[in-house]
Structure formats: structure tokens, C-alpha cells
Amino acid sequence: MDDNRNTILAIALSLVILIAWQFFIGAPKVQDERDKQVASQEMQAAPTAPGSSAPAAGSAPAPDQGGAPAPSGAAPQAAGTQPSAPGSATSREAALKASPRIAIDTPSLGGSIALTGARIDDIVLKKYREDVDPKSKPIVLFSPAGSEHPYYAEFGWSSGAKTVKLPDANSVWTPDQAGALTPGKPVTLSWDNGEGLIFKRSYAVDQNAMFSITQTVENHGAEAVRLHPYGLILRQHTPKTLGYYVLHEGLIGVFGDQGLQEVKYSSILDDRKKEFSVTGGWLGFTDKYWAATLIPSQSEPFNARLSAFPLGESDATYQTDYLAAPQDIAPGQSVSVSSNLFAGAKVVNVVDGYEDALGILNFELLIDWGWFYFITKPLFYAIDFFFRLVGNFGIAILIVTVMVKIVFFPLANKSYVSMSRMKKVQPEMLKIRERFKDDKARQQQAMMELYKKEKINPMSGCLPVLLQIPVFFALYKVLFVTIEMRHAPFFGWIQDLAAPDPTTLFNLFGLIPFTPPDFLMLGVWPLIMGLTMFLQMRLNPPPPDPTQAMIFNWMPLIFTFLLARFPAGLVIYWAWNNSLSILQQYVIMRRQGVDVDLIGNIRAMFPGRKQPKAGE
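Here my numbering is used: the first residue of the sequence shown is 1, the next is one more, and so on.
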């Protein structure tokens with residue numbers, strides 16, 4: 001019975017890791033050929049005119065003329081300019097020089113606002129680099145129209161009245177000062193339509209990544225006007241994504257009581273658009289570590305849309321936008337509306353802080369905690385807490401592993417005690433098997449009587465493994481999605497806990513000038529993990545059945561190769577957890593009077609070596 005349990009446990013654990021590797025890590029989602037063909041056919045279709053199911057680029061569809069917000073399909077799209085045609089883009093630097101600009105300068109962000117169009121189209125993340133080299137290029141988030149990959153935010157007004165002259169992408173705005181936009185020093189831009197309407201747009205920014213935008217319209221004309229404020233984020237060209245099931249990259253939003261909506265680029269190309277009429281929420285784009293989101297007033301209704309528009313035969317332009325309730329501006333009066341734009345790194349305490357400070361509905365969901373966020377997020381907070389004490393995320397992971405072992409100690413202790421008792425009664429178990437070898441039912445009955453007498457739970461050995469699996473996947477999620485772990489060093493050669501161990505046995509850990517293929521990248525920490533797993537399994541004698549013994553012998557090696565491409569932080573956790581389990585199991589078995597013959601159990605693996613008898 002003990003051998004059968006061990007076999008089941010070994011096979012189950014192997015399947016869990018194999019499936020997890022294939023599903024979460026080893027096999028990024030491959031797009032189906034049929035989906036590619038459909039998307040390609042759809043992208044060859046010409047853009048439709050304003051007011052139809054997909055507005056043409058460069059137009060702002062008219063809102064309705066009643067008192068309610070415009071219909072959900074009436075949000076603007078890329079007001080003022082057509083997307084650049086494939087092959088017509090210039091360099092980012094040249095595109096930036098095409099317009100006069102107001103600089104943005106905060107501790108976290110650099111960049112500028114274009115005075116032509118008043119777009120926020122130049123954002124650089126000062127604190128983050130493309131790789132672990134501190135001299136590598138900073139991360140570029142936004143780029144202007146005309147560059148290779150335009151990505152920008154725009155705010156403005158939409159009107160159903162054809163005679164109302166509104167600012168567009170070619171309108172040149174006048175700043176109220178020459179200095180840069182900095183925290184505590186907002187900048188106001190103004191534009192006069194020459195027909196009695198003066199438009200003002202005030203930008204403010206905090207220390208991190210949140211912009212506050214206040215739009216004002218002054219009516220100096222003789223007639224009242226009705227205008228709808230809008231905001232949009234446009235992303236031209238399909239960005240490269242990792243394609244993992246465990247991580248969402250694409251269009252995202254929270255829409256009132258309809259909750260979180262995550263839409264991949266391929267999906268929105270199929271649907272062309274998704275529309276929502278809600279109160280409260282936000283929308284935008286998310287990458288693995290960065291995001292850009294529009295945040296309308298949380299107390300006023302708005303119509304939101306996620307959409308895609310064709311761009312040649314193999315690409316597209318994506319847009320998230322909202323249209324707020326109409327504003328009536330009588331002669332001699334002015335109206336102001338406010339909204340926010342988040343454009344930066346998805347730092348956990350920053351994102352959570354904005355949700356609390358600004359009352360943004362479920363803004364924490366901007367970080368992809370997954371379905372088991374109730375495990376993943378507390379685990380992150382625990383690691384982050386100890387990081388603030390010790391200054392090293394790797395050490396923090398080791399401390400949290402100890403804390404997890406302490407929390408589950410009663411269950412694990414009970415499990416190891418039961419396993420120890422089972423080993424003590426193995427001679428009696430062998431006698432029962434021999435006595436009833438031709439009567440399986442009577443053998444099972446006698447075994448259960450023995451277990452009951454000795455207070456043994458035959459399935460207790462599964463508990464330590466079952467308890468470890470949720471923590472394993474939660475830690476993987478933390479390492480994979482949180483920017484705090486990105487480029488977080490441990491010691492020595494581990495300079496990024498979120499990346500695999502960069503060393504490999506197959507070039508003698510860098511001594512040989514040779515870069516093996518990815519499947520042969522077998523670093524020091526995966527080897528340490530495999531060794532600790534091997535030692536933990538050798539605390540028990542090998543099973544007498546040759547097939548079962550072979551499974552146990554090969555498992556550590558298989559796991560070593562499987563985990564070699566996992567984040568280094570996860571492999572370090574597993575190795576440390578194995579080490580603690582070895583110590584815990586050894587102490588408990590000794591207290592229960594069970595002799596732990598580690599050397600003998602290892603020798604028994606090899607042909608010709610005498611295997612220790614049960615109970616010795």
C-alpha cells in the first residue's frame with residue numbers, strides 16, 4: 001500500500017509539473033491559422049464611414065442631439081489624422097521634432113506634450129531599463145504619430161453640430177508658460193476657434209504615473225453649444241506579446257457592474273469593437289509591466305469602446321476611448337470636466353494607492369493577479385514586507401518559505417509522523433501481503449485494520465506535496481507579473497529573480513565560450529534543486545517494484561530539466577523548501593524511532609547493491 005501510494009504521488013506530481021510547464025510556461029499560445037486568415041481578410045476591408053459600426057480614422061462621430069449621452073458606438077476615433085501607412089513612418093526623434101512641445105519631467109517619467117494636437121504622445125519611464133544593464137536604454141511607453149509605433153493619449157470634445165469648429169490633431173495650442181510640466185506645476189494650453197469658443201486644457205502630473213486633465217470651454221459667442229468630452233488612447237501596429245495563458249496583454253478595462261474585461265489583440269480584430277455604457281471604471285492597454293489607461297469621472301455615466309481598425313494586410317490600429325455626458329455651454333458661460341490618465345509602470349503599491357486615493361473602481365485589477373489572487377496577492381505583500389526589512393527579494397522569498405512551512409507545520413508534522421509509523425510497520429505489512437497474496441480483498445481489509453490499530457493515514461504523505469503546489473504556482477505568478485521582481489538581484493550570478501538561471505552545465509558555467517540551445521540551459525540553482533529533491537526522496541528506501549523504483553530515480557532529473565527555465569526565484573524557493581522538508585522529515589522520523597539510512601538508500605539504487613529491508 002505504501003509503495004502504491006508513493007507511485008501515485010510520483011506520477012501525480014510529475015503530471016502536475018509537466019502540464020504546468022506546457023500550459024503556463026513552455027508553450028506560449030500559438031494563434032490558430034484560421035484566426036490569422038480571418039483577421040487578414042477583415043483587415044483588408046476599407047474603414048467605414050462615421051456613424052456606422054466602425055468609424056473611419058480621422059473622424060469624430062457625432063453624438064446624438066438629445067439630453068442623454070451619445071449612443072455607445074459614437075465615441076471618437078483618432079481625431080484629426082489618419083494612421084501612417086506601412087513604410088511611411090519616420091524615426092521617433094524626427095516625429096518628436098515635427099511639433100513644438102512642453103516637456104514632462106517627474107522622478108518617474110520623462111517626455112513631452114505636443115502643442116500641435118495637445119496629445120500626450122511622448123512618455124519615457126526613467127526608472128526602468130530594457131535589460132539588467134543599468135546603461136541600457138530606458139523603457140519608451142508613448143510615441144507620436146508618424147513614428148514607427150505610434151502610441152498616445154488624446155482628449156477633446158465632440159459635437160453633432162457641423163458648424164462648430166473644434167480643435168483637432170492639427171490645431172496648435174498656446175501654453176501659459178514656457179517651463180516643463182512637473183509635479184506641483186501644471187501646464188494649461190489654450191486654443192481659440194475664432195468663432196467665440198475658447199478651449200483650455202490643463203495638465204497636472206504627480207510623482208509617479210498619474211496625469212490629471214481638466215478641459216474647459218468658454219463660450220463668448222451668441223449661441224449655446226452642446227459638446228461631449230472624450231478621451232482616447234490609440235496604439236498603432238500590433239505589439240509583440242509573450243503569448244502566455246498565465247498573463248493578459250492587450251486591451252483591458254473595468255466597466256461598472258460588468259466588471260473586468262480583458263480582450264486580446266486577436267480577439268478584438270475578430271469582433272472589431274466592444275461597447276459599454278456604464279458609470280465607474282477605466283479602460284486602456286496593458287503590457288506585462290506597463291499600462292496606459294483612461295479614467296473618466298467615477299460618478300458620471302460614460303460610453304466606452306474597445307476597437308480595432310485595419311492597417312494594410314497584416315497589421316491594425318487599436319483604440320480604447322470613452323465619450324462622457326453632453327455639456328451645455330450657454331453664451332457668457334464656461335464648463336469644465338476632469339479625468340485622469342495613468343501611463344507608467346504597474347507598481348503594486350502605486351496602483352493600489354490610486355484606487356484608494358482617487359476612488360477608481362477595481363483599479364487593482366490592472367495587475368493580472370489571476371483567478372487565485374486571494375493567494376497570490378497576499379504572498380506578494382508578504383515577500384514585499386520582508387524585502388523592505390532585508391533589502392533583497394531573494395532573501396525575502398526564503399523567509400516567506402519558512403513562514404509558509406510554519407503555518408502548515410501542524411499538517412506536515414502529522415503527515416510525517418504517519419509516514420514514520422508506516423515505515424515502522426512495514427515488516428507486518430509484508431507479512432500481510434505474503435499471507436493473503438491470493439486474496440486481494442482480504443489483504444486490503446487486513447491492511448486497513450493495521451492502519452487503524454497503529455493510527456496511520458495511508459494518504460498522509462500526499463499532504464506536504466499538495467500544500468506546496470498552490471504556493472508554487474502563486475509564487476510563479478508573483479515572479480512573472482509583478483514589476484517589483486523584474487531585474488531584482490539575489491547574489492552572485494543571479495541578477496534577475498524573474499528570469500531563469502543564466503548559467504549552464506553544458507558550457508561548464510561559462511568556462512567554455514559556447515552558448516547551448518535553450519533546452520540545455522541547466523544552471524547551478526536547478527542543479528541544487530534537483531539534488532535536494534533527490535536527497536529528500538532518498539530518505540526512504542527505494543520501492544521494491546522495479547518500475548516504481550525507476551520512476552523515483554528519474555523524477556529528480558526530470559524536474560531539474562523542467563524547472564531549469566522557470567524564474568530563478570522559483571527554483572531557489574523550491575530548493576530551499578526541499579532543504580527544509582529534508583530537515584523536518586529527518587527530525588520527525590528519528591523521534592518516531594525510525595532509522596534514516598540515507599547512504600544505504602542511495603547505494604540501493606545501483607544494481608548489485610543490497611536494498612535495506614523494511615523496518616531496518
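Keep in mind that the hints were calculated from the coordinates and are not lab data.
Don't take every hint at face value.
[Claimed, not checked] Capping the alpha-carbon separation at 20 Å, the derived lysine-lysine pairs in PhoX-like fashion look like this: (1) K288 - K240; (2) K185 - K165; (3) K137 - K288; (4) K377 - K414; (5) K137 - K127; (6) K414 - K424; (7) K455 - K431; (8) K405 - K377; (9) K424 - K455.
Here is what the structure says about each hint:
1. K288 - K240: Given pair K288, K240 holds - Cα atoms ~11 Å apart, limit 20 Å.
2. K185 - K165: Roughly 30 Å separates the two Cα atoms, so the pair is violated.
3. K137 - K288: Holds, because 18 Å separates the two Cα atoms, which is no more than 20 Å.
4. K377 - K414: With a Cα-Cα distance of about 28 Å, the restraint between K377 and K414 is violated, given a limit of 20 Å.
5. K137 - K127: holds (11 Å)
6. K414 - K424: Distance of about 16 Å is within 20 Å: holds.
7. K455 - K431: holds (19 Å)
8. K405 - K377: Since the Cα atoms of K405 and K377 sit roughly 18 Å apart, the hinted pair holds (cutoff 20 Å).
9. K424 - K455: holds (12 Å)
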